[in-house]
Amino acid sequence: MSALQRHCGWLLRAYPAWYRRDRAGEMLGTLLEASPPGARWPSFGEARALVIGALRVRGRTWLLSMLWVVIGAGGAIYATVTITHIGYGEGFRWMFQWPEEPQVIIDVAVIAEVAWLLLSVPLLVAGFVRLRGWRRRNWLRVAGWAGSWVAGLALMSQAAERAAAGEGGTRGVLSVGEMAICAAWLVLGGAMTWILSSPQTQADSSSASKVAIR
Amino acid sequence: MREPTYFILASLLDGPLHGYAIIQRAEHLSDGRVRLATGTLYTALDRLTAEGYVELVREEIVNGRVRRSYGLTPPGAGALRAEAERMAASLVTGRGQSPKTVRSARKLSPA
Numbered sequence: 001m002s003a004l005q006r007h008c009g010w011l012l013r014a015y016p017a018w019y020r021r022d023r024a025g026e027m028l029g030t031l032l033e034a035s036p037p038g039a040r041w042p043s044f045g046e047a048r049a050l051v052i053g054a055l056r057v058r059g060r061t062w063l064l065s066m067l068w069v070v071i072g073a074g075g076a077i078y079a080t081v082t083i084t085h086i087g088y089g090e091g092f093r094w095m096f097q098w099p100e101e102p103q104v105i106i107d108v109a110v111i112a113e114v115a116w117l118l119l120s121v122p123l124l125v126a127g128f129v130r131l132r133g134w135r136r137r138n139w140l141r142v143a144g145w146a147g148s149w150v151a152g153l154a155l156m157s158q159a160a161e162r163a164a165a166g167e168g169g170t171r172g173v174l175s176v177g178e179m180a181i182c183a184a185w186l187v188l189g190g191a192m193t194w195i196l197s198s199p200q201t202q203a204d205s206s207s208a209s210k211v212a213i214r
Numbered sequence: 001m002r003e004p005t006y007f008i009l010a011s012l013l014d015g016p017l018h019g020y021a022i023i024q025r026a027e028h029l030s031d032g033r034v035r036l037a038t039g040t041l042y043t044a045l046d047r048l049t050a051e052g053y054v055e056l057v058r059e060e061i062v063n064g065r066v067r068r069s070y071g072l073t074p075p076g077a078g079a080l081r082a083e084a085e086r087m088a089a090s091l092v093t094g095r096g097q098s099p100k101t102v103r104s105a106r107k108l109s110p111a
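Listed in order, the protein sequences are those of chains A and B. Just so we're aligned, residue 1 is where the first sequence starts under the numbering used here, counting upward by one. Just so we're aligned, residue 1 is where the second sequence starts under the numbering used here, counting upward by one.
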């Protein structure tokens, strides 16, 4: 296997698995033919087009869901560090901050938190819609996801509650168990992201091969 | 219709082609201006197939990989003709298209 072939293979992994099963071999062939002889890497333009193409296949809901997971993970790290190492400043009940925290960090954190909370609602709905058209047993998964979402929100608010109780510069208390559940919550969000990137309809999953060959 | 889409359809006018052949033909038809990236090509082919403008015609194995050839459907040919005529007309009014695009359009337009 040539270096170019390997590197093109990496890039093609940006596409979801169901799409790759159908198209990866064909696209790899075209990529190899389109690259100049002796090239080790596909050109920048080719790489960019592959990433954009992959994002198009995965869809907007997937992108927003990824954003949700990334913001959530970032928030969890931020909260953990603040709670366990720095302690709390006065003020904001729903935001963890430390004394004399730079305003720019506060602003970014507030925007991220609002975006995260707002995103979770349409994503939850999108997940419901997507899973419904699948199989009946997925209702169980939907219920599990929604349940963990509510549990996670409750835990987060409880953590904030404790943070408020520990005002005045003392370190707050957040148990390992709570953090684990928060982590599990984010993992479930990741799983939802995976579900959201699956084809919307059965026909989509093999659109090219389903077309009758003349 | 966006330019890459137009040239993909135009490249299939003389018969079905596989992925790389479409890229080459589109580049030739556009006087070297439209150099389709692989990702762009397949995104467009997915869309055009879904719209019924393009269809899968042949599947063969080359170097152990599947190679598919795509052909223009009658609705695809119709859409291409309409677009070529629109571009040729816009040359008459002198607006909207670059001279090279219009020259390519004239090559393809029956009028």
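Accuracy of the hints is not assured; some may be wrong.
Stated by the list, open to error - Derived list of chain A stretches under chain B, where covered just means 3 residues or more per stretch with a C-beta under 8 Å from a C-beta of chain B: (1) 14-27; (2) 52-64; (3) 102-109.
Stated by the list, open to error - Part of the chain A face toward chain B, derived, beta carbon under 8 Å: (4) 3; (5) 5; (6) 49; (7) 113.
Because the hints were derived from the structure by calculation, they are not lab data. No residue lacks a Cβ here, since even glycine has one placed at the ideal position from N, Cα and C.
Hint by hint, here is what the structure shows:
no.: 1; hint: 14-27; result: holds (count 4)
no.: 2; hint: 52-64; result: holds (count 5)
no.: 3; hint: 102-109; result: violated (count 0)
no.: 4; hint: 3; result: 17 Å, violated
no.: 5; hint: 5; result: 10 Å, violated
no.: 6; hint: 49; result: 3 Å, holds
no.: 7; hint: 113; result: 35 Å, violated
The structure fails to meet hints 3, 4, 5 and 7 from the earlier list, while all remaining hints are met.
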